[in-house]
Amino acid sequence: MAFFLPFTLFFFARICATQPVFVNHVCMYQVGNFTSNSTYKTNLDHVLSSIATAKDSGNGFYNFSYGESSERTNAMALCRGDTKPDVCRSCLNDSIYFLTRLCPKQKEGIGWYDNCMLRYSSRRMFGTMEAEPMYIVLMNNDSVIKEDLFKHNLRTLLYSLKDNASSADSLRKYAAGDIFGEGLGRIYALMQCTPDLSQIECDACLDSAIQKIPACCSVAWRLFSPSCNVRYQMSPFFDPLLVSPPLPLVFVPSSNTTSSEDKKKTAVHTTIVIALPFVVVSVFAIGIYMFLRSRKLRERVETTPSLFLYLCGPDFCCRVMPQTCLMITHRSQLSLFETLYIEEE
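Heads up: the sequence shown is residues -18 to -1, 1 to 327, going by mature numbering (1 follows the signal peptide of the UniProt record, and there is no 0).
There could be a bad hint or two in this list.
As the list claims (entries may be wrong) - Here are the simulated lysine-lysine pairs, DSS-like style, with alpha carbons at most 25 Å apart:
no.: 1; residue 1: K37; residue 2: K23
no.: 2; residue 1: K128; residue 2: K194
no.: 3; residue 1: K66; residue 2: K37
no.: 4; residue 1: K128; residue 2: K23
no.: 5; residue 1: K133; residue 2: K194
What the hints contain is simulated information worked out from the structure, not anything from laboratory work.
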(Lines of atoms letter the chains of each structure in order from A and count residues from 1; the text may use other names and numbers.)
(Lines give C-alpha, C1' and ligand atoms only; values in the text may rest on other atoms or scores of the structure.)
Protein backbone atom coordinates (compact mmCIF):
# COMPACT_ATOMS: atom_id res chain seq x y z
CA MET A 1 0.00 0.00 0.00
CA ALA A 2 2.86 2.33 0.84
CA PHE A 3 4.27 1.74 -2.66
CA PHE A 4 1.23 3.35 -4.34
CA LEU A 5 1.02 6.34 -1.97
CA PRO A 6 3.26 8.60 -4.14
CA PHE A 7 1.24 7.55 -7.18
CA THR A 8 -2.04 8.44 -5.40
CA LEU A 9 -0.67 11.82 -4.32
CA PHE A 10 0.48 12.43 -7.89
CA PHE A 11 -3.04 11.88 -9.23
CA PHE A 12 -4.49 14.14 -6.54
CA ALA A 13 -2.12 16.91 -7.61
CA ARG A 14 -3.21 16.42 -11.22
CA ILE A 15 -6.88 16.80 -10.30
CA CYS A 16 -6.20 20.09 -8.50
CA ALA A 17 -4.68 21.65 -11.62
CA THR A 18 -6.16 22.56 -14.98
CA GLN A 19 -4.58 20.26 -17.57
CA PRO A 20 -4.27 20.52 -21.34
CA VAL A 21 -5.68 17.76 -23.50
CA PHE A 22 -3.76 15.48 -25.85
CA VAL A 23 -3.12 16.44 -29.45
CA ASN A 24 -4.77 13.06 -30.01
CA HIS A 25 -5.30 9.78 -28.20
CA VAL A 26 -6.56 6.30 -29.14
CA CYS A 27 -8.12 3.64 -26.90
CA MET A 28 -7.71 0.15 -28.38
CA TYR A 29 -11.09 -1.43 -27.66
CA GLN A 30 -10.29 -4.52 -29.75
CA VAL A 31 -7.39 -5.54 -27.47
CA GLY A 32 -9.66 -6.08 -24.49
CA ASN A 33 -10.81 -4.50 -21.23
CA PHE A 34 -9.99 -4.87 -17.54
CA THR A 35 -11.89 -4.26 -14.31
CA SER A 36 -10.92 -1.89 -11.53
CA ASN A 37 -10.04 -4.69 -9.09
CA SER A 38 -8.18 -6.89 -11.59
CA THR A 39 -4.54 -7.94 -11.55
CA TYR A 40 -4.03 -6.10 -14.82
CA LYS A 41 -5.14 -2.82 -13.19
CA THR A 42 -2.62 -3.36 -10.40
CA ASN A 43 0.15 -4.08 -12.90
CA LEU A 44 -0.80 -1.03 -14.98
CA ASP A 45 -0.62 1.21 -11.92
CA HIS A 46 2.80 -0.26 -11.17
CA VAL A 47 4.37 0.48 -14.57
CA LEU A 48 2.84 3.96 -14.79
CA SER A 49 4.10 4.73 -11.29
CA SER A 50 7.55 3.56 -12.40
CA ILE A 51 7.50 6.07 -15.26
CA ALA A 52 6.23 8.87 -13.02
CA THR A 53 8.96 8.35 -10.42
CA ALA A 54 11.86 7.26 -12.66
CA LYS A 55 15.08 9.22 -12.73
CA ASP A 56 15.94 11.21 -15.84
CA SER A 57 16.86 8.64 -18.50
CA GLY A 58 19.08 11.07 -20.39
CA ASN A 59 17.25 10.53 -23.67
CA GLY A 60 13.60 10.92 -22.64
CA PHE A 61 12.79 7.26 -23.27
CA TYR A 62 11.22 4.96 -20.66
CA ASN A 63 10.12 1.33 -20.96
CA PHE A 64 8.67 -0.77 -18.13
CA SER A 65 6.94 -4.15 -17.90
CA TYR A 66 5.33 -5.87 -14.93
CA GLY A 67 3.32 -9.02 -14.30
CA GLU A 68 3.04 -12.46 -15.83
CA SER A 69 1.21 -14.11 -18.71
CA SER A 70 -2.02 -12.44 -19.88
CA GLU A 71 -1.94 -9.98 -16.97
CA ARG A 72 1.47 -8.62 -17.92
CA THR A 73 1.46 -4.89 -18.60
CA ASN A 74 3.94 -2.98 -20.80
CA ALA A 75 4.34 0.80 -20.83
CA MET A 76 6.50 2.99 -23.04
CA ALA A 77 7.08 6.76 -22.98
CA LEU A 78 9.13 9.06 -25.19
CA CYS A 79 9.82 12.78 -24.98
CA ARG A 80 10.73 14.85 -28.03
CA GLY A 81 14.45 14.99 -28.66
CA ASP A 82 14.83 18.70 -27.90
CA THR A 83 12.72 18.66 -24.71
CA LYS A 84 14.39 19.66 -21.45
CA PRO A 85 14.15 17.16 -18.54
CA ASP A 86 11.69 19.22 -16.47
CA VAL A 87 9.39 19.76 -19.47
CA CYS A 88 9.63 16.06 -20.30
CA ARG A 89 8.70 15.07 -16.76
CA SER A 90 5.70 17.40 -16.69
CA CYS A 91 4.50 16.13 -20.06
CA LEU A 92 4.72 12.48 -19.01
CA ASN A 93 2.85 13.17 -15.76
CA ASP A 94 0.05 14.85 -17.71
CA SER A 95 -0.02 11.90 -20.10
CA ILE A 96 -0.38 9.36 -17.30
CA TYR A 97 -3.18 11.33 -15.70
CA PHE A 98 -5.22 11.86 -18.85
CA LEU A 99 -4.72 8.58 -20.68
CA THR A 100 -5.94 6.49 -17.73
CA ARG A 101 -9.08 8.61 -17.60
CA LEU A 102 -9.75 8.75 -21.31
CA CYS A 103 -9.22 4.97 -21.62
CA PRO A 104 -10.40 3.86 -18.14
CA LYS A 105 -11.06 0.18 -18.93
CA GLN A 106 -9.07 -0.51 -22.09
CA LYS A 107 -5.94 -2.64 -21.84
CA GLU A 108 -4.23 -0.61 -24.55
CA GLY A 109 -4.09 3.12 -25.13
CA ILE A 110 -1.82 5.77 -26.63
CA GLY A 111 -1.71 9.55 -26.30
CA TRP A 112 0.38 12.25 -27.99
CA TYR A 113 1.36 15.71 -26.80
CA ASP A 114 3.64 18.13 -28.64
CA ASN A 115 6.50 17.17 -26.32
CA CYS A 116 5.88 13.52 -25.47
CA MET A 117 4.04 10.27 -26.13
CA LEU A 118 2.74 7.60 -23.74
CA ARG A 119 1.41 4.16 -24.56
CA TYR A 120 0.64 0.98 -22.65
CA SER A 121 -0.64 -2.46 -23.61
CA SER A 122 -0.89 -6.11 -22.67
CA ARG A 123 1.09 -6.81 -25.87
CA ARG A 124 4.85 -6.71 -26.17
CA MET A 125 5.83 -3.36 -27.71
CA PHE A 126 9.57 -3.01 -27.17
CA GLY A 127 11.60 -3.49 -30.36
CA THR A 128 8.52 -3.68 -32.60
CA MET A 129 7.94 -1.07 -35.30
CA GLU A 130 4.30 0.03 -35.44
CA ALA A 131 3.06 2.71 -37.84
CA GLU A 132 -0.58 2.38 -36.75
CA PRO A 133 -2.65 3.94 -35.34
CA MET A 134 -1.58 7.04 -37.23
CA TYR A 135 -2.76 10.58 -36.64
CA ILE A 136 -2.15 13.37 -39.19
CA VAL A 137 -2.57 17.08 -38.54
CA LEU A 138 -2.81 19.52 -41.44
CA MET A 139 -1.75 22.54 -39.45
CA ASN A 140 -2.20 25.23 -42.10
CA ASN A 141 -4.22 25.30 -45.31
CA ASP A 142 -2.15 28.09 -46.86
CA SER A 143 -0.31 27.19 -50.05
CA VAL A 144 3.08 28.38 -51.24
CA ILE A 145 3.70 30.35 -54.43
CA LYS A 146 6.81 28.54 -55.70
CA GLU A 147 5.43 25.02 -55.59
CA ASP A 148 8.27 23.26 -57.43
CA LEU A 149 10.95 24.84 -55.26
CA PHE A 150 8.95 24.10 -52.11
CA LYS A 151 8.48 20.42 -52.97
CA HIS A 152 12.13 20.02 -53.93
CA ASN A 153 13.46 21.68 -50.77
CA LEU A 154 11.01 19.86 -48.51
CA ARG A 155 11.88 16.42 -49.88
CA THR A 156 15.59 17.21 -49.76
CA LEU A 157 15.33 18.22 -46.10
CA LEU A 158 13.10 15.33 -45.05
CA TYR A 159 15.22 12.62 -46.65
CA SER A 160 18.39 14.06 -45.12
CA LEU A 161 16.78 14.11 -41.67
CA LYS A 162 15.41 10.60 -42.18
CA ASP A 163 18.91 9.26 -42.77
CA ASN A 164 20.24 11.21 -39.81
CA ALA A 165 17.56 10.03 -37.38
CA SER A 166 17.54 6.37 -38.43
CA SER A 167 21.33 6.04 -38.37
CA ALA A 168 21.67 7.61 -34.91
CA ASP A 169 22.68 5.44 -31.97
CA SER A 170 20.21 3.63 -29.74
CA LEU A 171 20.06 6.47 -27.21
CA ARG A 172 18.32 9.09 -29.33
CA LYS A 173 16.95 8.57 -32.84
CA TYR A 174 16.15 12.22 -33.42
CA ALA A 175 16.98 14.78 -36.10
CA ALA A 176 15.88 18.35 -36.76
CA GLY A 177 16.97 20.97 -39.26
CA ASP A 178 15.96 23.54 -41.83
CA ILE A 179 16.51 24.51 -45.44
CA PHE A 180 16.29 27.90 -47.18
CA GLY A 181 14.87 28.70 -50.60
CA GLU A 182 15.27 32.05 -52.37
CA GLY A 183 11.92 33.80 -52.47
CA LEU A 184 10.40 30.94 -50.50
CA GLY A 185 11.78 31.23 -47.00
CA ARG A 186 12.97 28.60 -44.59
CA ILE A 187 11.37 25.20 -43.94
CA TYR A 188 11.85 23.64 -40.50
CA ALA A 189 11.42 19.91 -39.91
CA LEU A 190 11.79 17.34 -37.16
CA MET A 191 11.83 13.53 -37.14
CA GLN A 192 12.07 11.02 -34.32
CA CYS A 193 11.79 7.28 -33.69
CA THR A 194 11.58 5.39 -30.43
CA PRO A 195 15.19 4.37 -29.71
CA ASP A 196 14.32 0.68 -29.31
CA LEU A 197 14.01 0.39 -33.12
CA SER A 198 16.81 -0.74 -35.41
CA GLN A 199 18.07 1.54 -38.17
CA ILE A 200 16.06 -0.38 -40.78
CA GLU A 201 12.87 -0.23 -38.70
CA CYS A 202 13.23 3.48 -37.97
CA ASP A 203 13.95 4.22 -41.63
CA ALA A 204 10.85 2.24 -42.68
CA CYS A 205 8.63 4.05 -40.18
CA LEU A 206 9.83 7.51 -41.24
CA ASP A 207 9.62 6.63 -44.93
CA SER A 208 6.02 5.48 -44.44
CA ALA A 209 5.26 8.81 -42.77
CA ILE A 210 6.86 10.85 -45.57
CA GLN A 211 4.72 9.05 -48.14
CA LYS A 212 1.62 10.42 -46.38
CA ILE A 213 2.58 14.04 -47.03
CA PRO A 214 0.17 15.69 -49.52
CA ALA A 215 1.45 16.13 -53.06
CA CYS A 216 1.31 19.90 -52.68
CA CYS A 217 1.77 22.17 -50.81
CA SER A 218 0.68 22.59 -47.19
CA VAL A 219 3.06 24.90 -45.32
CA ALA A 220 2.62 23.04 -42.01
CA TRP A 221 2.04 19.32 -41.45
CA ARG A 222 2.68 16.66 -38.84
CA LEU A 223 2.18 12.94 -38.27
CA PHE A 224 2.05 10.90 -35.06
CA SER A 225 2.42 7.12 -34.83
CA PRO A 226 3.45 4.71 -32.05
CA SER A 227 7.00 4.28 -33.36
CA CYS A 228 7.84 7.60 -35.03
CA ASN A 229 6.68 11.14 -35.72
CA VAL A 230 7.34 13.76 -38.39
CA ARG A 231 6.66 17.48 -38.42
CA TYR A 232 7.48 20.42 -40.69
CA GLN A 233 6.40 24.04 -40.96
CA MET A 234 7.60 27.42 -42.20
CA SER A 235 8.42 28.82 -38.74
CA PRO A 236 10.83 27.62 -36.00
CA PHE A 237 9.36 25.22 -33.44
CA PHE A 238 12.31 23.21 -32.04
CA ASP A 239 15.29 24.10 -29.87
CA PRO A 240 18.14 25.04 -32.26
CA LEU A 241 20.74 24.26 -29.59
CA LEU A 242 19.78 20.58 -29.68
CA VAL A 243 19.68 20.18 -33.45
CA SER A 244 21.74 17.24 -34.74
CA PRO A 245 24.59 18.03 -37.17
CA PRO A 246 22.98 17.96 -40.63
CA LEU A 247 23.91 15.35 -43.21
CA PRO A 248 24.88 16.52 -46.72
CA LEU A 249 21.66 17.37 -48.50
CA VAL A 250 20.43 14.69 -50.88
CA PHE A 251 18.99 15.70 -54.26
CA VAL A 252 15.60 14.00 -54.64
CA PRO A 253 13.88 14.42 -58.03
CA SER A 254 10.39 15.83 -57.76
CA SER A 255 7.33 14.40 -59.50
CA ASN A 256 6.95 14.80 -63.28
CA THR A 257 5.81 18.41 -63.26
CA THR A 258 7.19 21.24 -65.41
CA SER A 259 10.33 22.64 -63.78
CA SER A 260 10.29 26.25 -62.62
CA GLU A 261 13.12 28.73 -63.16
CA ASP A 262 14.38 28.23 -59.61
CA LYS A 263 14.48 24.46 -60.02
CA LYS A 264 16.43 24.79 -63.30
CA LYS A 265 19.03 26.96 -61.58
CA THR A 266 19.37 24.48 -58.75
CA ALA A 267 19.68 21.53 -61.15
CA VAL A 268 22.29 23.32 -63.32
CA HIS A 269 24.33 24.29 -60.27
CA THR A 270 24.21 20.73 -58.93
CA THR A 271 25.24 19.28 -62.31
CA ILE A 272 28.20 21.66 -62.66
CA VAL A 273 29.48 20.98 -59.16
CA ILE A 274 29.28 17.22 -59.63
CA ALA A 275 30.60 17.12 -63.24
CA LEU A 276 33.59 19.50 -62.93
CA PRO A 277 35.83 17.25 -60.79
CA PHE A 278 35.01 14.28 -63.05
CA VAL A 279 35.99 16.22 -66.20
CA VAL A 280 39.27 17.44 -64.68
CA VAL A 281 40.27 13.95 -63.54
CA SER A 282 39.28 12.44 -66.91
CA VAL A 283 41.33 14.97 -68.94
CA PHE A 284 44.33 14.46 -66.66
CA ALA A 285 44.12 10.66 -66.96
CA ILE A 286 43.78 10.78 -70.76
CA GLY A 287 46.80 13.11 -70.99
CA ILE A 288 48.98 10.75 -68.97
CA TYR A 289 47.84 7.77 -71.04
CA MET A 290 48.59 9.50 -74.36
CA PHE A 291 52.02 10.65 -73.14
CA LEU A 292 53.05 7.17 -71.96
CA ARG A 293 51.68 5.53 -75.11
CA SER A 294 53.55 7.99 -77.34
CA ARG A 295 56.82 7.50 -75.46
CA LYS A 296 56.49 3.72 -75.57
CA LEU A 297 55.80 3.80 -79.30
CA ARG A 298 58.85 5.99 -79.93
CA GLU A 299 61.04 3.61 -77.93
CA ARG A 300 59.77 0.63 -79.88
CA VAL A 301 60.32 2.41 -83.23
CA GLU A 302 63.81 3.61 -82.28
CA THR A 303 65.02 0.28 -80.88
CA THR A 304 63.29 -2.10 -83.27
CA PRO A 305 64.00 -1.37 -86.92
CA SER A 306 61.94 -4.36 -87.98
CA LEU A 307 58.84 -2.81 -86.39
CA PHE A 308 59.43 0.39 -88.34
CA LEU A 309 59.77 -1.66 -91.43
CA TYR A 310 56.54 -3.47 -90.73
CA LEU A 311 54.67 -0.21 -90.24
CA CYS A 312 55.85 1.50 -93.41
CA GLY A 313 56.10 -1.55 -95.73
CA PRO A 314 59.19 -3.36 -97.02
CA ASP A 315 59.37 -1.82 -100.48
CA PHE A 316 59.12 1.77 -99.36
CA CYS A 317 61.37 1.39 -96.32
CA CYS A 318 64.09 -0.45 -98.19
CA ARG A 319 64.19 2.33 -100.77
CA VAL A 320 64.26 5.10 -98.18
CA MET A 321 66.35 3.26 -95.52
CA PRO A 322 68.59 0.69 -97.28
CA GLN A 323 70.91 0.38 -94.27
CA THR A 324 67.98 -0.65 -92.06
CA CYS A 325 66.91 -3.31 -94.57
CA LEU A 326 70.46 -4.59 -94.78
CA MET A 327 70.78 -4.83 -90.99
CA ILE A 328 67.56 -6.81 -90.66
CA THR A 329 68.27 -9.26 -93.46
CA HIS A 330 71.79 -9.73 -92.13
CA ARG A 331 70.36 -10.80 -88.73
CA SER A 332 68.20 -13.54 -90.20
CA GLN A 333 68.11 -15.84 -93.17
CA LEU A 334 64.31 -15.70 -93.16
CA SER A 335 62.28 -13.43 -95.38
CA LEU A 336 61.59 -9.86 -94.21
CA PHE A 337 57.96 -10.46 -93.17
CA GLU A 338 58.81 -13.73 -91.38
CA THR A 339 61.48 -11.88 -89.41
CA LEU A 340 59.08 -9.11 -88.45
CA TYR A 341 56.40 -11.59 -87.41
CA ILE A 342 58.74 -13.48 -85.09
CA GLU A 343 60.08 -10.32 -83.46
CA GLU A 344 56.62 -8.88 -82.84
CA GLU A 345 55.24 -12.13 -81.34
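Hint check:
1. K37 - K23: holds, 24 Å
2. K128 - K194: Judged against 25 Å, a Cα distance of about 21 Å means the pair holds.
3. K66 - K37: Answer holds: K66 to K37 is near 14 Å, not above 25 Å.
4. K128 - K23: At roughly 54 Å apart (the allowed maximum being 25 Å), K23 and K128 break the hint.
5. K133 - K194: Between K133 and K194 the Cα gap is close to 14 Å, so the pair holds against 25 Å.
Hint violations for this structure: number 4 only, all remaining hints satisfied.
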